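Trainee: Given next are the chains, with one letter for each unit.
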Amino acid sequence: MNPILTYAVQVFAFTTIFQVRFPHYAVYLLAGLFPWMFIVQSVDMCTGIFVNSGSIIKNIPIPPLLLVYVQVLDNFINFFCAFLLIVIYNVVFKSLNYMSMFYIFIPTVSLLLATTSMSIFFSLLNVRFRDLKFVVSFVFSLLFYMTPIFYSIDLVPENFKKFIGNNPLYFLLKPFQQILLSESSEFFLKSIVQSFSVSIFFMILALLCWKKMRKMLVFYV
Amino acid sequence: MSDQKYILEVKNLNLAFPLRTYRVSTMRDFFISTLKNPSSLFKEEGSFHALRNINFNASPGERIGLLGVNGAGKSTICRCISGFYTPPGGEIVRNGNVRALFESSLAMFPELSGRENLKVLADIFYDPEKHDIPKIIEESIEFSELKSFIDVPIKAYSKGMLLRLSLSLLSAVPADILILDEVFDGADEFFREKLANRIRNLIKNSGVVIFVSHQDHHLLEVCDRVLLIHKGSIIFDGAPEDALKAYRLKFATVSDKEI
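Those sequence lines, one after another, are chains A and B.
All letters in the first sequence, in the order written, are residues 1 to 221 by our numbering.
All letters in the second sequence, in the order written, are residues 1 to 259 by our numbering.
Hints should not be assumed to be uniformly reliable.
[Unchecked claim] Distance ranges between label pairs, derived from CB positions:
hint: 1; chain 1: A; residue 1: PHE22; chain 2: B; residue 2: LEU112; range: 44 to 54 Å
hint: 2; chain 1: A; residue 1: LEU208; chain 2: B; residue 2: LEU41; range: 18 to 28 Å
hint: 3; chain 1: B; residue 1: GLN215; chain 2: A; residue 2: ILE4; range: 50 to 60 Å
hint: 4; chain 1: B; residue 1: SER47; chain 2: A; residue 2: ASN52; range: 22 to 32 Å
hint: 5; chain 1: B; residue 1: LEU35; chain 2: A; residue 2: SER152; range: 38 to 48 Å
hint: 6; chain 1: B; residue 1: SER47; chain 2: A; residue 2: ARG130; range: 17 to 27 Å
hint: 7; chain 1: A; residue 1: ALA8; chain 2: B; residue 2: ASP29; range: 38 to 48 Å
hint: 8; chain 1: A; residue 1: ASN159; chain 2: B; residue 2: PRO38; range: 30 to 40 Å
hint: 9; chain 1: B; residue 1: GLU111; chain 2: A; residue 2: LYS212; range: 28 to 38 Å
hint: 10; chain 1: A; residue 1: ARG130; chain 2: B; residue 2: PHE42; range: 20 to 30 Å
hint: 11; chain 1: B; residue 1: GLY238; chain 2: A; residue 2: ILE77; range: 52 to 62 Å
I should point out that these hints are in silico values taken from the structure, not numbers from a laboratory.
All figures in this text were calculated on a predicted structure; none of them were measured in a lab.
The beta-carbon is built from N, C-alpha and C at its ideal position, and this holds for glycine as well.
Isolated chain B, as found in the complex (with noise of 0.2 Å):
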């Protein structure tokens, strides 16, 4: 039975990769491999650790901070926890819905306009019988401050452009869990200061927010509490200024091998 007092419990979660599906990729490849090594039709290669007995909890009203390396599971977290990724072990109890944005997710559309974007987008997250989705996309439209250019096929935004378009849809309902994984990153600081307000906002009406930057300003101006994660584990929880003092410390004294 799940404690209702979290909004989220990640248990014991754990994700490995087979590593031979990596390797070998086509055809040719594992015609070579099965030729080479006959044997390694029947055997496993071992795998890819990507996350190991991932534990924590989020009450309503937190903001966690993601930190850690290039490769060190944080977005494999977020893909979890949003639900694209299924593993085999552990459990994620999501008392809420689950609201994702990740950094490639930005240009998905990218030969309709701006407004069409948002009228697919706003059909997948949110709920027509619950929310109104035609204000939803006027008062994005609105935020986003894109004025002329929401009539504009997509492909021709820049980075930051498209950032505004769909933060400004996806943080315009509050979410139970909102996951945003390195999507400040690009934006200006007036809109990342606008949109930090309204990130503030939604987190008053009981959301969780799960944040991923390498920015530190990023992580102390979203984030409550941090998560420093490396090689799949989780190896500090706690204040972000302590984490980021954590996370310095800890690569300060590593060999880029080691990382």
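The following block holds chain A by itself, in its conformation from the complex (with noise of 0.2 Å):
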């Protein structure tokens, strides 16, 4: 429910306070804004799962990554259900185009890859470093107003688009809202590379990350 009531207020306060002239603004921060709060529970729970699971680490023989995969896994069908449902009232009682429905699935890929790496990586810092997790979370705090979520990237200045339109952040929600408003093809097609990409290299961060602390993990939680 967390997602849905947060997207429901919001819709409010930008559509009947705000009075935004948007064309499908509710489409258009539903978008952005389920993938991003999926993000931001995931890497948040995750930050410090090692160093709150430590007993469990020292003492019972599991995987430690298995702790990571499971709470985003949680998260994420949280997101998806809730993404889902929106999505399909958004199709039949805002005629939204339903073929869109089917390429979802592509950047929803990207997303996870890219969300469970952010989660490997932070929370293995974090064992390093015991108040990364509130920078973190700060940090994701400030990234909400600076990622094109509530406003659309074509209100951006021209001289501070380039600073937000290349959020890497922004590169795995963008390919949401490009299908959810039906663009263009060839648009879609860069989004979903960009998205891909920006996985890839925090895929690779992780791997990084989990292969130098691997071992030392345990010691240290």
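Quick one: dock chain against chain with the hints and give me the complex.
Mentor: Take a look at the structure:
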């Protein structure tokens, strides 16, 4: 319910109170907000997971990364069910292009890979620097305003466009926004490539970090 | 090539932790320590040796006790043997499966009931292809004597009840190497006696038991050989009575500072 309520409140605030004149604003907000909430909640819940589960890692013979996978998967099921529910509502009642439904799975794979990798990276780093979770939480709260989620990239002044448009987290959200707003397939293909590039970057980062810390993890938690 | 007459062989086991990692555990500490001493970024600040040249073998049927003051390295040895720690120096040869229970592992999933905890732990510790897991769970419930408490969340259990639950499961099927780290402390004498009998039966099936305790009577009850550990090294290896005498002698004569 958490993502659906947050979404509902934001739609009400922007469309009814601020009266934003943006075609299909509710759909646009949905496309960015839900994946964003999935990323933020997963990273937030996973950053402290190794430190908080020290007794499990030290005493039960299970692969430590399983803890991260379970947490991300739990959030993913939450995200995906809520997301699909709203998308189906929009398809049925707002005449959204139903073909777009099929394409959603492509950026979802990329989003899942990137979020899992980010969660692994920050959870490992937090074992070394215990105050990292506060920094991560703070940075993500700032990034929310620096990522085109509740505003369009077209509204950003030209001199800031390059900076905001190249936010790696925006690359993960952009394909969702393009699919739901039925933008041309040429832009979509470019966005998908960017999205998977970001996933691969975070996967490499997580893999390098895991290789370095794998053997020492149990000593430090 | 390992000698198969031993179930467990520990050869030249060494383990050291870099001190800087423990002293600097937050970004703030890191920032301050780097500002105070920028050269610390590039040089090691030394290390703490948790284990030094640990060597011992265990034959089938042996019940080995580990004795020593707090911080001597007993649990670290157990964690190395059970595979949780991968020490950079030395070698551990395990000619069989290892099952380990540590004191801190008793309350793993506090929101789950005793029965649910048993199911989770049984899935982790036992191979469903080799063992009849539902039968092990039922037998463990019966052995633990927890009766109606078995369906209560374990956050409501006392330490003794948690001990009964975990030990009943872990000792249900013979293990080649069974590690019990300070798990008896807290059990009542009746259950301890019942458990000691069960462990004796396990040992008959060619298992080795590594047993850690600070209680003399527990060591005398369970073990037939005791290793005295001091500052990460084995300083005595022999009969439990002799090891306890050596322990008293050693620590009655050294100052607190030395310990």
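Trainee: Compare the structure with each hint and give your call.
Mentor: Checked hints:
no., hint, result
1, A:PHE22 x B:LEU112: 44 to 54 Å, "holds, 48 Å"
2, A:LEU208 x B:LEU41: 18 to 28 Å, "holds, 20 Å"
3, B:GLN215 x A:ILE4: 50 to 60 Å, "holds, 56 Å"
4, B:SER47 x A:ASN52: 22 to 32 Å, "holds, 27 Å"
5, B:LEU35 x A:SER152: 38 to 48 Å, "holds, 43 Å"
6, B:SER47 x A:ARG130: 17 to 27 Å, "holds, 21 Å"
7, A:ALA8 x B:ASP29: 38 to 48 Å, "holds, 43 Å"
8, A:ASN159 x B:PRO38: 30 to 40 Å, "holds, 37 Å"
9, B:GLU111 x A:LYS212: 28 to 38 Å, "holds, 34 Å"
10, A:ARG130 x B:PHE42: 20 to 30 Å, "holds, 23 Å"
11, B:GLY238 x A:ILE77: 52 to 62 Å, "holds, 57 Å"
No hint from the list above goes unmet by this structure.
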